[in-house]
Amino acid sequence: MELMLTLAVAAVLAAVAVPNMRDFIRNNRLTSAANDLLRSVQVARSEAIKRQTFVAACASANPDAQDAKCSGGPFGGWIVFEDKNNNWARDSDEEIIDRKAVPTGVVSVSNNDGVVSFAATGFSNKTPGRTATDRVVFCDERGNKRVGDNSTARALIIEPAGRARVTRLLEDVTRALSDIGASCP
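Numbering of the sequence shown is given in this note's numbering, commencing with residue 14 and proceeding in unit increments.
It is possible that part of the hints are untrue.
Derived lysine-lysine pairs resembling DSSO-like cross-links, with alpha carbons at most 30 angstroms apart [as the list claims (entries may be wrong)]: (1) Lys-158 <-> Lys-113; (2) Lys-82 <-> Lys-63; (3) Lys-97 <-> Lys-63; (4) Lys-139 <-> Lys-158; (5) Lys-113 <-> Lys-82; (6) Lys-97 <-> Lys-113; (7) Lys-158 <-> Lys-97; (8) Lys-139 <-> Lys-82; (9) Lys-158 <-> Lys-63; (10) Lys-139 <-> Lys-113; (11) Lys-97 <-> Lys-139.
Keep in mind the hints are simulated off the structure, nothing from the lab.
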């Protein structure tokens, strides 16, 4: 009888824990992707100051490739590189400083071709004819759903001075998606 009672309690606990664990894993993937990109943007900014040159971070369809290039929108991940000629695109002679792929199951959308560039001052690069990416949103199959005051999605917001932050507040994520002109799947 005691064994049956123990098994019943274990079954109830498992029925409650498994769905919560799934959401925990999905939330962790989104937070990890957003924080990894935040770190890469901060690396780009600090390397621009340290090297006293232009450093860019851009979306890349294949960031793990030896000759990874900026993809101009498709966001399979990103690369950070020293942009010697300030053309906001990685040329074959420009060193890759950092790279990261977007985790499986995570979708990302960004504005302005997914490129942010920093000048030697650490401020966003103001190249004529170019507009830096200042909004990136990471989502999964849940989309941008309300969970209290928060969203299931995550947004990276880069201020004009070059400072970046990650947020999960529903209001911020919704505004970022509106600025991008996209929606989460």
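Taking the hints in turn, this is what the structure says about them:
For the hint pairing Lys-158 with Lys-113, the CA-to-CA distance comes to about 26 angstroms; that is within 30 angstroms, so the pair holds. For the suggested pair Lys-82 and Lys-63, the alpha carbons sit about 23 angstroms apart, so the restraint of at most 30 angstroms is met. The straight-line distance between the Cα atoms of Lys-97 and Lys-63 is roughly 14 angstroms, inside the 30 angstroms bound, and the hint therefore holds. A hinted pair counts as satisfied when its Cα atoms are at most 30 angstroms apart, and Lys-139 with Lys-158 does not qualify at roughly 35 angstroms.
Proposed proximity of Lys-113 and Lys-82 is supported: the alpha carbons are some 13 angstroms apart, at most 30 angstroms. For the hint linking Lys-97 to Lys-113, the alpha-carbon distance of about 21 angstroms falls within 30 angstroms, and the restraint holds. Only pairs whose Cα atoms come within 30 angstroms are accepted, and Lys-158 paired with Lys-97 is rejected, the gap being roughly 42 angstroms. With a C-alpha separation of about 21 angstroms, the suggested pair Lys-139 and Lys-82 falls inside the 30 angstroms cut-off, and the hint holds.
Proposed proximity of Lys-158 and Lys-63 is contradicted: the alpha carbons are some 40 angstroms apart, above 30 angstroms. A threshold of 30 angstroms between alpha carbons decides the hint, and for Lys-139 with Lys-113 the separation of about 25 angstroms falls inside it, so the pair holds. A threshold of 30 angstroms between alpha carbons decides the hint, and for Lys-97 with Lys-139 the separation of about 15 angstroms falls inside it, so the pair holds.
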